[in-house]
Amino acid sequence: MNDSLHTMACGLDPYDKTYSLGYEVGHGDWSPFPRVNKLRQVFLDRPFNIDNERFRNVTKAYQMYEDLPVKLRCAKAFESILMNATLEIYDDDLIMGEIAAPAKASPQYPEFSVNWMLYEALNEPFEEREHDQFYFVNEEDRAEFIELCRWWQGKAVDDQVEAYLDDDQRKGSQSGKKIFQTNLYHYGGVGHYVMNYEKILRIGFDGMVSEAKERLAGLSKKDPDYAEKKVFYEAVIICHEAAIKYIERYAKLAEEKAAAEKDPKRKGELEMMAKNAHQIAGGPARTFWQALQLFNFATTLTLIESNGHSVSYGRMDQWLYPYYKEDMQSGTITKEFAQELLEVTYVKMNNPTKIRDGGTVRVRQGRGFGGECLTIGGVDRDGKDATNDLTMMLLDASVHTRMMCPWLLVRMHENTPYELKVKTVECIRAGYGHPKVFNDAPTIKAQMSKGMPLEEARDYAIVGCVEPNSPGREYGWHDGSYINTVKFMEMVLNGGRCLDCGPHCSRWEKCGALGKALGPNTGSLETYKSFDEVLESVDKQFDYWIDQMCSTMNIVDRAHRDRKPLPYASAFFDGCLESGVDLTAGGTIYNGIGPQASGIATCADTLATIKQLVFDEKKFTGGELLQAVKDNWEGHEILYNLVNSSKVHHFGNDDDYADDLFKFMFECYCRHLTGRPTIRGGEYTPGVYSVSANVGMGLNTNASLDGRKAGEAISDNMGPVHTAWGSHDIKGPIAVAHSVSKVDHSLATNGTLLNMKFPQEAVKGREGRDNLIGFIDEYLAGDPMHVQFNIMSSETMRAAQKHPEQYKDMLVRVAGYSAYFVELGKALQDDLINRTELSF
Amino acid sequence: MLFVEGKLERIDPNRCSSCMACADACPADAIKQWGREISVREAMDEIRRDKGYYDRSGGGVTVSGGEPLLQADFVAEVFKACREEGIHTCCESTLCVPWEQIEKVLPWTDMFFTDIKHMDSKIHEEFTGVGNERIFENQKKLAGLGKEMVVRIPVIPGVNDDKNNIEKTADYILDELGGRVRTLQLLSFMRLGEEKYASLGRPYGMQDLEIDRPAFQKHVEEMAAYFEERGIHCTVGTREKEA
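Keeping their order, the protein sequence lines are chains A and B. Counting in the numbering used here, the first sequence runs from -12 upward without gaps. Counting in the numbering used here, the second sequence runs from 7 upward without gaps.
Just so you know, these hints were derived from the structure itself, not from any lab. Any given hint could turn out to be false.
[As the list claims (entries may be wrong)] One-sided excerpt, in silico: chain A residues whose CB lies under 8 Å from chain B:
no., residue
1, D641
2, R663
3, G752
4, E765
5, A768
[Stated by the list, open to error] No farther apart than 27 Å at their CA atoms in a straight line, the calculated lysine-lysine pairs in the BS3-like style are these:
no., chain 1, residue 1, chain 2, residue 2
6, B, K147, A, K789
7, A, K606, B, K13
8, A, K262, A, K208
9, B, K247, A, K4
10, A, K634, B, K13
11, A, K634, A, K718
12, B, K86, A, K718
13, B, K38, B, K123
14, A, K744, B, K38
15, A, K605, B, K247
16, A, K606, B, K38
17, A, K634, A, K606
This structure is a prediction, so every number in the text was calculated from the model and none was measured. We put the CB at the ideal spot given by N, CA and C, even for glycine.
Let's have the full structure, built from the sequences with the hints guiding it.
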């Protein structure tokens, strides 16, 4: 580690400042700036309300402009929302702009779907959900909400999707057996992009309007698409002129507030905020503060238009740096104030919230828009390390705020400076879950396989969880669909039928009762003569189900293009203004769709069980294994224990037997998606991550041969299997790192994700910090894409005592050695818990 | 073996031949074999998997035990192989073995971890079954050769944490070992062995000891401060303090 490169880049805190160790309850004063702590607390105390204002305004506009072409109608609706939105500048805030709703209240987007909104408002009230509740402020609002929904029925994106779906597509989807779930974009906006922030800061909204006007003037009637392009440019102009007027409204409000303000310090701040807004209403950003203000307006406006989540912030330490540098050099800002502005902006990023349909929140929990990834570090376009002061300051801001947003991400590469590694690990071991770490080499390779030149690939930013993206040039529909590969396996084992096929199934009348099966019959465990036949069967099921899923996604994609074009966002993407084609119609450069697979390790361990017990050792017949999972392991205790024990090969132990099968599954999935065309002229991009959907998917999945009982979670992301019986990886983190790195991650062009858990004790002290740095270095050297860490608390250890089966792989530092916590006796566990508390 | 209703209930350690047939037959990992005989080559295959991590974290291989120097020939061969592959080697030993055994591993060992349990040989014998003379002789020889050494004291309340023993330990390190100890680590007593003793059906000698944990920890920290005062670098536990 001593031969690593070094950097002069400097944050507010020393690079090796140690914060807390592990998650700590009950602190609210992480930031050195009282304003930031206060804004943070105010945010946390605010309720999650439902706000009808956008709903009302968009409905009025759609009614008024019903005869306009759809792009113009969308643009007029956007304008109407901005002109009529109630504006607010919150106490102590330095950055203005919400999503046309009060902070933390959810506006409605009926353009995408209302059927579930209406159904749930009438039958399953949002305030009565088990989690992800939202609240109407009063009963009049509830009544208005229901009335507005009724007007929209039949007009939304999802209505068009429903009209096109056939039964083979439906049976696999969320309205069928949930083999793949396209909920997110079926019912809501897409988002999942990085706008060209460099451009808007440089030319401002005036520049955007001028560019669209020039293109419009240059249109020729000889062009057969003249009319569509003309309408597109007009729509862009309406949206961006509306943005200018909207920001002017904020400027005026700030002036009014300043005039009424008694406190001279706050008065000065409000005056400066008014001045900032006047400048950037049309013009470019001239200062660091204005750059952050314009960033926030540009971003919140795209949320107002599109409902899309995971709208990510790109390489903020890069595009923001020129403004920081200039203000610092000219002496117009102090490092402290720049830091305070970053932290205020961070808190602000948490405000947008989004009601999702009940079906979606069962697999994807969270009330925030979510997925606002902020990328820092990495190499520049020439391949040199890009670390600067802002890289360090954005990490400081993260550990000073410790909130859901932004989802901070540090790009690493072979020349990442030592100081940045230390700072990153200090934040990680503070135990609040940020930042995540990304690996440049395989990610750059993945981007190049989408057709990007090397320089552009090096400039990637991450969107949402782990999705590589070219800022301002890629509309990747990342997170497009969740795929339950374990459900595929049921059909591999059982002749195309679900394991529990029977009259209780909602599809029985059109499926099993008629002697049909859900999927194609590609053989069963009772008929396979060799293990190769099993693998062939897996391949065939993937082929069939991925056809169903992709053809569904194409219908969803088409519906967004037809019913909800995005003229405001389009101007932020290379290619759209040049071609006159909207972002939703394939106007930008890269136009993929990225669905993600869950349960790969569950499938791998399933295959290992079959290979070892049936074909290699011949201890059991395929029929016996099939019966065991059909019976949910009841009456098959010996087999159940055996497949969960270390006597059967399991993925995650640096054991090629099982790791090769993981590789087979991973490659099989990637192969069936890669190269498939999308309707926007791009290609499908496979991802291997589940976020937390593996838990919800497990609920709908019968028992599996890895030793999982029906209803248990399937394996998460790239990680090994954990069943109720116990964890399948028992060789420690280096073995997991090696197993995970045996696949070529660059094949998963929509990203891979690995979660790792460490107890505080393992990363305690200078040695613990350096061990974690060494571990990350060793892991990344194997060319995986991503890793994120959980640092456990003693509460977690107590939870581990209660449910040891779920914590089998949790390492604890005992004295001079480490051991698995649950293998220790109760007395020692208690002692460790006490000792942990003593060390704070 | 004692069977109740066809299920294995208990194994009589006096009659067990360690054939491990029970562990092989058990489908649930309820009986597991810990430890196995391996060749130098097998050991190296295992070690090599972690070489990347050793290199990147500045770590290496530590052999411990039991008492690794009871298998000094094997350790010597593994360490020699490690040396050839550029892997740092460390031996954690009581040093309660003939010097010849230590000499076997010495050329291939970068560092030793050892401990001082008590300065009084009689008390040492009372608690461990052996006197401390041979241990101290070996420590002095290693110090004399300038071998890098980390020395630990398992601090056991009422046994070796009194002022007299602590002062004598400091004298010994400074006068007899010439102060050539990289770090002195104080390891506070934990009830680590209790479960293992129970599973082996042996009585646990510290059963009745009750510790006021915060007070004891403070006491250990005061001990560390005393050693530091005497010029011996000393930590509580195995980690250096945070910046």
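Hint check:
1. D641: holds (6 Å)
2. R663: R663/A check fails; min Cβ-Cβ to chain B is 36 Å, beyond 8 Å.
3. G752: Hint holds; G752/A Cβ to chain B Cβ min 3 Å, cut 8 Å.
4. E765: holds (4 Å)
5. A768: holds (6 Å)
6. K147/B x K789/A: violated (50 Å)
7. K606/A x K13/B: holds (22 Å)
8. K262/A x K208/A: The given pair, whose Cα atoms are some 43 Å apart, is violated under the 27 Å limit.
9. K247/B x K4/A: Roughly 13 Å between the alpha carbons, so the hint for K247/B and K4/A holds.
10. K634/A x K13/B: holds (20 Å)
11. K634/A x K718/A: Within the cut-off at roughly 14 Å; holds.
12. K86/B x K718/A: holds (26 Å)
13. K38/B x K123/B: The hint is violated at about 32 Å.
14. K744/A x K38/B: holds (25 Å)
15. K605/A x K247/B: violated (56 Å)
16. K606/A x K38/B: holds (21 Å)
17. K634/A x K606/A: Judged against 27 Å, a Cα distance of about 13 Å means the pair holds.
Hint compliance for this structure: hints 2, 6, 8, 13 and 15 are not met, and every other hint is.
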